[in-house]
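Q: So the chains spell out like this:
4 protein chains.
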Amino acid sequence: MITPLLGRDHLDHGGLERLIEHILAGGVHGLFILGTSGEAPCLSHELRRQVVTRVCRQVAGRVPVLVGITDTSLSEAIAIARHSADAGAQGLVTAAPYYFPAGQPELIEFVRLLVPELPLPLYLYNMPQMTKTQFDPETIKQLVDIPGIIGLKDSSADLRYFGQLVEVAKTRPDWRILVGPEHLLVDTMRIGGHGGVNGGAQIEPRLFVNLYEAVKRNDAARVSELQQRLLKLGAIYRVGHHASAVIKGMKCALSLLGICDDTMAEPMRKFNAPERAKVRAVLVELGLVK
Amino acid sequence: MITPLLGRDHLDHGGLERLIEHILAGGVHGLFILGTSGEAPCLSHELRRQVVTRVCRQVAGRVPVLVGITDTSLSEAIAIARHSADAGAQGLVTAAPYYFPAGQPELIEFVRLLVPELPLPLYLYNMPQMTKTQFDPETIKQLVDIPGIIGLKDSSADLRYFGQLVEVAKTRPDWRILVGPEHLLVDTMRIGGHGGVNGGAQIEPRLFVNLYEAVKRNDAARVSELQQRLLKLGAIYRVGHHASAVIKGMKCALSLLGICDDTMAEPMRKFNAPERAKVRAVLVELGLVK
Amino acid sequence: MITPLLGRDHLDHGGLERLIEHILAGGVHGLFILGTSGEAPCLSHELRRQVVTRVCRQVAGRVPVLVGITDTSLSEAIAIARHSADAGAQGLVTAAPYYFPAGQPELIEFVRLLVPELPLPLYLYNMPQMTKTQFDPETIKQLVDIPGIIGLKDSSADLRYFGQLVEVAKTRPDWRILVGPEHLLVDTMRIGGHGGVNGGAQIEPRLFVNLYEAVKRNDAARVSELQQRLLKLGAIYRVGHHASAVIKGMKCALSLLGICDDTMAEPMRKFNAPERAKVRAVLVELGLVK
Amino acid sequence: MITPLLGRDHLDHGGLERLIEHILAGGVHGLFILGTSGEAPCLSHELRRQVVTRVCRQVAGRVPVLVGITDTSLSEAIAIARHSADAGAQGLVTAAPYYFPAGQPELIEFVRLLVPELPLPLYLYNMPQMTKTQFDPETIKQLVDIPGIIGLKDSSADLRYFGQLVEVAKTRPDWRILVGPEHLLVDTMRIGGHGGVNGGAQIEPRLFVNLYEAVKRNDAARVSELQQRLLKLGAIYRVGHHASAVIKGMKCALSLLGICDDTMAEPMRKFNAPERAKVRAVLVELGLVK
Chain X
56 MITPLLGRDH LDHGGLERLI EHILAGGVHG LFILGTSGEA PCLSHELRRQ VVTRVCRQVA
116 GRVPVLVGIT DTSLSEAIAI ARHSADAGAQ GLVTAAPYYF PAGQPELIEF VRLLVPELPL
176 PLYLYNMPQM TKTQFDPETI KQLVDIPGII GLKDSSADLR YFGQLVEVAK TRPDWRILVG
236 PEHLLVDTMR IGGHGGVNGG AQIEPRLFVN LYEAVKRNDA ARVSELQQRL LKLGAIYRVG
296 HHASAVIKGM KCALSLLGIC DDTMAEPMRK FNAPERAKVR AVLVELGLVK
Chain U
56 MITPLLGRDH LDHGGLERLI EHILAGGVHG LFILGTSGEA PCLSHELRRQ VVTRVCRQVA
116 GRVPVLVGIT DTSLSEAIAI ARHSADAGAQ GLVTAAPYYF PAGQPELIEF VRLLVPELPL
176 PLYLYNMPQM TKTQFDPETI KQLVDIPGII GLKDSSADLR YFGQLVEVAK TRPDWRILVG
236 PEHLLVDTMR IGGHGGVNGG AQIEPRLFVN LYEAVKRNDA ARVSELQQRL LKLGAIYRVG
296 HHASAVIKGM KCALSLLGIC DDTMAEPMRK FNAPERAKVR AVLVELGLVK
Chain S
56 MITPLLGRDH LDHGGLERLI EHILAGGVHG LFILGTSGEA PCLSHELRRQ VVTRVCRQVA
116 GRVPVLVGIT DTSLSEAIAI ARHSADAGAQ GLVTAAPYYF PAGQPELIEF VRLLVPELPL
176 PLYLYNMPQM TKTQFDPETI KQLVDIPGII GLKDSSADLR YFGQLVEVAK TRPDWRILVG
236 PEHLLVDTMR IGGHGGVNGG AQIEPRLFVN LYEAVKRNDA ARVSELQQRL LKLGAIYRVG
296 HHASAVIKGM KCALSLLGIC DDTMAEPMRK FNAPERAKVR AVLVELGLVK
Chain R
56 MITPLLGRDH LDHGGLERLI EHILAGGVHG LFILGTSGEA PCLSHELRRQ VVTRVCRQVA
116 GRVPVLVGIT DTSLSEAIAI ARHSADAGAQ GLVTAAPYYF PAGQPELIEF VRLLVPELPL
176 PLYLYNMPQM TKTQFDPETI KQLVDIPGII GLKDSSADLR YFGQLVEVAK TRPDWRILVG
236 PEHLLVDTMR IGGHGGVNGG AQIEPRLFVN LYEAVKRNDA ARVSELQQRL LKLGAIYRVG
296 HHASAVIKGM KCALSLLGIC DDTMAEPMRK FNAPERAKVR AVLVELGLVK
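Residue numbers (the numbering used here), protein chains in the order written: chain X, 56 to 345; chain U, 56 to 345; chain S, 56 to 345; chain R, 56 to 345.
There could be a bad hint or two in this list.
Same chains, same label: a pair holds when it works inside one copy or across any pair of copies.
Said to hold, decoys possible - The list that follows gives simulated cross-link-like pairs (lysine-lysine, BS3-like), each with its CA atoms no further than 30 Å apart:
hint	residue 1	residue 2
1	333	196
2	225	196
3	187	271
4	325	271
Calculated directly from the structure, the hints in this document are not laboratory data. None of these values were measured; they are calculated from a predicted model.
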């Protein structure tokens with residue numbers, strides 16, 4: 056989930072409420088907040104805590120809330136983890152610490168130090184484009200028996216790597232291996248993945264839920280139809296440049312849907328009129344706006 | 056297509072013949088030789104010429120043969136291009152020159168210098184993992200009007216980038232935008248791609264041809280069934296490590312199918328018995344070997 | 056300056072006092088705290104504030120204190136900047152925001168948003184190994200007229216880049232261009248640099264001050280003698296592996312000198328006995344320990 | 056040594072002769088041809104052979120000639136090695152194969168396969184910016200006992216790495232560890248390096264030879280004076296952009312000195328008038344041109 060903002064450290068409260076209800080109405084199985092799309096590293100810690108509190112309060116147990124605690128400081132990660140437990144979240148998610156490029160032994164040490172301090176179960180989050188390191192399959196092999204970890208979200212967009220994770224995690228049937236890039240939801244489920252944590256699901260949640268279910272019951276016709284709609288929606292990610300283009304596209308779309316403001320965390324800037332028009336055209340084609 | 060070898064600069068002639076017939080029997084629409092999977096940069100220029108000659112002679116016009124001419128030297132690229140035309144090939148393919156990391160202006164200059172010297176139409180080949188640079192969409196915009204270029208193969212595995220290429224190439228309806236990573240064949244076709252240049256197609260060509268045709272006629276059930284088989288086949292790529300694991304997996308599979316030897320171009324080494332057993336297990340599951 | 060620690064978020068108070076007095080006794084012209092060597096990203100914000108307060112109180116104006124405010128969140132960077140001004144610091148230092156890889160336009164936007172909010176003058180800090188981006192010379196050209204910025208620290212170890220910065224900054228004779236890697240102190244001063252922010256100066260500050268002064272008065276014999284000693288000291292950086300080896304070497308040396316503890320911020324670990332013995336051997340050779 | 060060109064695959068014969076005599080007159084201890092600065096990967100194999108033949112013939116044993124044989128194909132590397140031996144060269148130099156990013160085991164395999172085929176002793180060449188991999192110190196430890204290898208040239212510009220190499224190579228007192236980036240010549244010699252393979256030495260060879268000798272006899276005043284001149288000369292590298300700027304600067308300077316043409320291997324382009332004027336200004340300041 057993105058973080059709806061009106062300005063620096065200024066949450067769009069109404070937007071946040073509408074966004075949550077919009078997503079839950081679509082039938083999703085959980086909410087992941089304060090991840091990459093949530094621009095979490097760009098928000099103050101105070102604002103992150105606010106987001107956790109407000110989301111948990113509003114969701115009120117209707118679905119599990121997972122909170123991104125990724126930080127360069129173990130203490131700050133633990134602090135937000137504790138706040139999340141107090142606020143009523145159900146799980147935590149962490150990528151690798153991301154200032155110093157972590158070697159694999161440092162990654163293992165990091166996870167082993169972190170998990171005993173956490174009040175909630177943890178998902179690992181593989182995001183090499185941002186953290187300059189990946190959780191090697193060999194590393195996961197050494198972490199897979201830690202009871203406090205219950206799965207992994209992979210945003211590498213590397214199907215080969217995903218398949219290796221599935222293999223490594225076979226000793227933990229309770230683990231959930233989830234995929235970030237939404238166009239890979241179907242294919243990763245077919246090679247043993249358990250679902251997706253996909254940004255597009257906040258724009259049209261029902262689409263993603265239906266697709267997930269169609270894959271589960273192996274309804275090829277429906278999978279095909281929904282995947283094609285998902286791919287059309289993906290055109291909003293191709294409007295901008297830079298690493299932030301995907302988030303800008305999502306926020307712009309949500310703004311056009313009347314759900315929340317599209318202000319970005321600084322120093323990133325929302326789309327101007329020409330880009331906005333392109334995002335609008337995609338939504339019009341999909342019948343999401345007129 | 057991989058290059059079947061018996062040793063250093065020693066072509067597996069029988070294997071090459073069987074491989075070509077195996078692929079053509081599957082109904083593919085063309086052959087791309089001397090690309091990344093062909094280990095072209097690791098082969099001597101003499102051997103590359105041999106491969107071109109033998110492939111063109113045996114294919115004998117049944118399908119177009121495209122020859123990879125990627126080189127760090129413009130002269131060597133042109134030399135193999137001329138040899139290819141003489142041998143009867145139908146098209147050429149070039150990635151960026153790959154020793155010095157090329158800036159985008161240097162890429163444009165490179166293409167503008169190369170094309171007038173070529174006796175055959177050219178496909179560009181985006182392969183940033185190997186060449187340290189990509190053909191930016193803005194760069195393609197500046198190259199798209201050159202008549203001697205007729206398309207692009209993208210092996211970045213980045214669907215967002217692929218979609219941007221499709222957009223940029225709209226002024227050239229004769230261009231063909233083809234995808235490298237095979238699990239993206241269906242999705243790229245659905246966002247405007249024209250087909251794939253997929254390594255797995257040499258193992259089970261009919262599977263890929265059928266999948267292509269099923270997408271064309273929008274036969275969802277068939278697409279789903281074939282895509283699932285394609286994903287199962289993909290397990291052979293996850294057996295090894297390093298950048299060369301995909302080629303090793305393909306050569307090993309072809310060896311297990313009795314088609315050709317799996318010797319790698321040095322310094323790469325073919326799979327040992329344990330990896331071979333894993334590849335075999337995949338082929339057994341698919342009914343390709345007993 | 057490194058941050059002396061006894062454990063997680065547990066400052067080594069005695070060590071910090073001894074370290075500051077040790078450094079100031081050596082005649083340095085300023086202190087840079089909470090940079091990369093200070094492991095700032097790994098410390099809690101509360102601990103960072105503590106470090107600022109204690110350092111400023113103890114230095115008590117004897118030399119300027121510069122505080123690293125690098126953060127992925129503009130708000131958090133501004134918060135520590137304000138705290139630094141209140142505590143009596145004289146300057147601030149920021150690298151690029153480092154989760155999302157910033158494009159050059161985003162870097163410019165970042166600096167333009169940040170500077171008006173800062174209560175103290177700012178140094179930019181070029182650290183591409185950690186931030187995945189550099190301040191391009193063209194970017195500096197667009198920032199060089201902002202009065203609130205007074206210089207740049209470059210840790211790229213790229214002398215060619217450093218020379219380009221010196222060129223770009225010629226319109227700002229009040230700017231100070233400082234170098235991070237200490238073996239480049241002499242050479243960068245000779246091509247227009249103004250000094251160094253060098254980790255080794257906390258181990259043997261007089262050495263670096265003497266070297267700086269010898270370069271200023273162009274005393275070749277003394278420069279040569281001191282540079283050779285500086286290079287011998289540099290052997291402590293080659294003991295470990297990973298990006299953290301340099302910090303581990305410095306902390307280990309300071310521990311062997313009896314100045315402070317060598318506990319690292321988690322998940323990094325201090326050197327074990329074998330590495331410690333190697334660092335000790337270097338210090339013995341230099342006559343710093345017996 | 057750069058490769059003087061008049062056009063594509065068109066050697067500047069007069070320029071080559073003048074360049075060799077200019078360099079030898081300066082008292083250098085050897086010539087390294089067909090390296091990165093020689094643009095070797097951009098030249099046809101035929102032209103590379105011509106360069107070897109002509110250089111060896113003209114040098115005629117006055118100093119050792121080392122030939123770069125770096126190639127993506129082991130066969131082509133061996134072919135140019137044999138040609139070099141026949142032509143009268145004294146040594147060979149190879150970087151890692153550079154299309155597929157080589158893992159460390161593949162690097163070891165590569166060297167072990169290559170060395171027995173070589174008719175001349177070999178230097179390794181560490182050039183990670185171009186080859187996407189470095190020779191790890193642990194890898195060198197496994198190669199250091201191979202008699203056919205006699206040293207290493209390091210162009211990483213990483214003094215910490217260089218020091219680790221020196222340590223690893225201590226079991227081979229006959230090895231020569233040479234540095235690429237010329238501003239590090241003095242410092243690397245002081246930590247155990249044996250000399251440099253420096254592009255600037257073809258512009259003003261006597262400067263580099265004198266500097267080498269001044270370091271050997273520890274003449275601080277002379278080292279200081281010459282190093283300052285070396286740094287002033289280095290301004291020619293900062294004129295251009297892209298990875299090729301250093302080569303363009305050298306070729307432009309040699310052209311201004313009347314030694315040879317500054318045509319670059321395609322697709323790179325020589326400096327235009329404004330850049331040329333900047334290079335000229337540097338040479339004027341050094342009294343090399345009027």
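Q: Decide, hint by hint, whether the structure agrees.
A: Verification of the supplied hints:
In the homo-oligomer, the alpha carbons of residue 333 and residue 196 lie at most 30 Å apart only across protomers (18 Å), although the nearest pairing inside one protomer, at 44 Å, exceeds that limit. For the homomeric pair residue 225 and residue 196, the shortest alpha-carbon distance inside one copy (10 Å) is at most 30 Å, but the shortest distance between copies (38 Å) is not. Taking the shortest Cα distances, residue 187 and residue 271 never come within 30 Å of each other, neither inside one copy (34 Å) nor across copies (39 Å). In this assembly of identical chains, the alpha carbons of residue 325 and residue 271 never lie at most 30 Å apart, being 37 Å within a copy and 38 Å across copies at closest.
Checked against the numbered hints given earlier, the structure breaks hints 3, 4 and satisfies all the rest.
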